[in-house]
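Residue strings, one per chain:
Protein chains: 2
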Amino acid sequence: MPTAVIYHDTPIASTIRDRTDDLTVVAAESKADVRTHLGDADIFVTNPKGWSDDFVKYLSEDDWVQATSIGYTAFPVAELNERGVTFTNAATLHDSVVSEHAFALMFALSRRLGATFDQQREHEWDRGVGADMWHWEGRRMTVFGLGNIGESIARRAQAFGFDVYGVKRTPSIYSGSLTEDRVVSNEDFHDLLPETDLLVLTVPLTDETRHIVNADVLAALPESAAVVNVARGSVIDQNALVAALKDGEITAAGLDVVEEEPLPPTSPLWDREDTVVTPHVGGRSKDFPVRFSRLFLDNYDRWLSGKPLANCIN
Amino acid sequence: MPTAVIYHDTPIASTIRDRTDDLTVVAAESKADVRTHLGDADIFVTNPKGWSDDFVKYLSEDDWVQATSIGYTAFPVAELNERGVTFTNAATLHDSVVSEHAFALMFALSRRLGATFDQQREHEWDRGVGADMWHWEGRRMTVFGLGNIGESIARRAQAFGFDVYGVKRTPSIYSGSLTEDRVVSNEDFHDLLPETDLLVLTVPLTDETRHIVNADVLAALPESAAVVNVARGSVIDQNALVAALKDGEITAAGLDVVEEEPLPPTSPLWDREDTVVTPHVGGRSKDFPVRFSRLFLDNYDRWLSGKPLANCIN
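Heads up: the protein sequence lines correspond to chains S and U, in order. In terms of the numbering used here, the first sequence opens at residue 1 and continues consecutively. In terms of the numbering used here, the second sequence opens at residue 315 and continues consecutively.
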C-alpha cells in the first residue's frame, strides 16, 4: 500500500485517513519528521512553508508532491520534474475562496468596515461614518491576471454591475466571461489605468510581474482608485504604494499579501485608515481539510490508475 | 417658479441647486425652519428623521413629498394621499448600495474581519485567524423579501455560487432571477430554515413581519447558520437573536439595523465576536447627493409635466 507523508498545520492527515483505507498516511510533526519518513514514502503533501529544498533527495521517480497551496515558487518544480517526481498544486480548490476574500477586502474598503469595527469596539453608533462610504456599482474594475482566481472575480464582479476589464499575458488564449475587447496584454495594462476605479491583483509572481504595480502605475490611477492584492506581496512595490496612499494619489488599499510576511510591526501600512490588511488568509476556510481531502483523493485515484493528475505543474 | 424645501444632513440642497435653474431650493436647517417655509413650498424633501407629523398641515393638494430613504413608515402616507399630496421614496436609488452593504456584512462574518481588524490595530500578523474563516460558495442563502433590494442580492449571490431561495408575500407576482420553485410564500418560510446557511432579511417592516425572525425561526436554522439584516431592526426579535447566538443555535449575525437605534451602549450585541454591527448605513454612499439629485430632478421633470412620478407610494 502506498504511503503519503503529510506535513501541514491543519488536520488534513486525519481527514484523509478517515476517508480512505487504501493509503498509509503519516502525519509529520516537523521537518525532521518529514526527513525520517520521506525516503520510504510515495507521496508528500505540504504547503510552501513546509517545504525544504533538501527534501528533493528523499524523492525518487514516480513519487508525487501535492502542494496544498496555489503558489509554488517555494518548490523546485523543474528539479522535481527532472527526477520524474510529479508536482501538483491545489489551484482549483482556492479559486472561489480567494475570490470571496477579494470581495471581502473591497467591501471592507467601500463600506469603511475598519471605522465601523472601531465604533463597535467603543459601543458607539455614529451614522456619520456613512459619509465616507461609497458603492461600486457602475465603477470600473481591472483584474490583473485572468487565471482561475482572476476569472472567478471578474465573473462575480459583473453581477455587481462593475465595468470589468482584464489583463492577461496572452489575451488570445483567454476564454472566460469577458468579451474580447475587455482583455488586454500586460503591455497594454497602462492604457487601462486612468479609467480604473479598482485594480485587483491576481497575477502569479514572476520576474515579469515583480513590482509591476510601481509608482508610475499608481500615479496613472485616478485619485479615487483603490487597489486590492490577493496575489503575492511583491507584485506591488510596497514603498511606492505607501507613498501613493500618503500623497493621495490613490484612495485605498486592501492587502491580503505584503512584500515581507509577517508584515513587520513597524510597517506604516498597519495604521493607515485607508488600508485594510489581512494576514495572508485569502485561501483559508474552515472546511479546507474536507475540501482538500476530496481533491487529494480524486487525484490519488488517478495516480493509482496511472491517469494524468489534476492541477499538474510542469 | 416652484419651491422645494429640503431638510437633510447631506448636501442635497446645494447639489440640486447646482443642477437646475427651474426650481427655488430652500435648505432648511431645523424642523422649525421647515415649518416656516413649508406652507409656501410645493415640494418637501427629507428622510424619516426629518419628518414631523404636524408638517401635514402645511401641505396641500398637488404638493409632493420626496423621501430620500426607502423606508417610509415614519411618513403618514395615507393621510398625505387623502390630502392629494404625492409621496415618493428613493427605492431605486438604494437597491444596489444596500445590496453591496449586505455582502459587506456577510463577508465580514465569513472572513472574520472583526478579528483581522483587531490584529491590524495591534500590528499583529497571525494567520491562525484563518482557521475560523469559511466560504460561502455552494451554501444555501434564503432571502426574505424579494423587493428590489432582495432581488438585487439574490442575483449577485447566484454569481457567488450560493444556492439561493427567496420568500415573498405573493410568490405568483415574482418575476426575477430565481426559478419559480425557489420562491415561497411567508407561510412556507419555515420549511426552508433547516437547510438555510445564510438568512438575509430585506423585507419591509409591517405588522406581519415584525419579529418574523423569532426564537422558533432561529432554533430551526442549522447551528452553522448566519443571519444578515439590512431591512429594519424589528423584523428580528433581538432578545431571541442574542439568546440564539449565546446558546450556539446560530453562528453569526451581521446587523445594519437594530430594534432600538442608536443601539444602546449596554446592548450585548456590541461585544459579541460573532456579531458585526454597522450603524444603519446600508444606503449611504459618498455620491448619494449626486445620485439622489439625478433621481429627484428626473422626478421633478415628470412632476412639472404632470406625468406619474417614479417610486410613487400610495
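FYI, nobody ran anything at the bench for these hints, they're computed from the structure. Every residue, glycine too, gets a C-beta built ideally from N, C-alpha and C. A couple of the hints might just be wrong.
[Claimed, not checked] Below, a list of computed lysine-lysine pairs in the DSS-like style, where the Cα atoms sit at most 30 angstroms apart:
{"id": "1", "chain 1": "S", "residue 1": "LYS246", "chain 2": "U", "residue 2": "LYS560"}
{"id": "2", "chain 1": "U", "residue 1": "LYS600", "chain 2": "U", "residue 2": "LYS345"}
{"id": "3", "chain 1": "U", "residue 1": "LYS560", "chain 2": "S", "residue 2": "LYS286"}
[Said to hold, decoys possible] Chain S is nowhere near these chain U residues, computed Cβ spacing over 12 angstroms in every case:
{"id": "4", "residue": "GLU343"}
{"id": "5", "residue": "VAL412"}
{"id": "6", "residue": "GLU414"}
{"id": "7", "residue": "HIS415"}
{"id": "8", "residue": "VAL443"}
{"id": "9", "residue": "HIS449"}
{"id": "10", "residue": "GLY461"}
{"id": "11", "residue": "SER486"}
{"id": "12", "residue": "ARG496"}
{"id": "13", "residue": "GLU501"}
{"id": "14", "residue": "ASP570"}
{"id": "15", "residue": "LEU583"}
{"id": "16", "residue": "SER619"}
Q. Which hints, by number, does the structure contradict?
A. Hints 1, 5, 6, 7, 8, 9, 14, 15 are the ones this structure does not satisfy, whereas the remaining hints hold.
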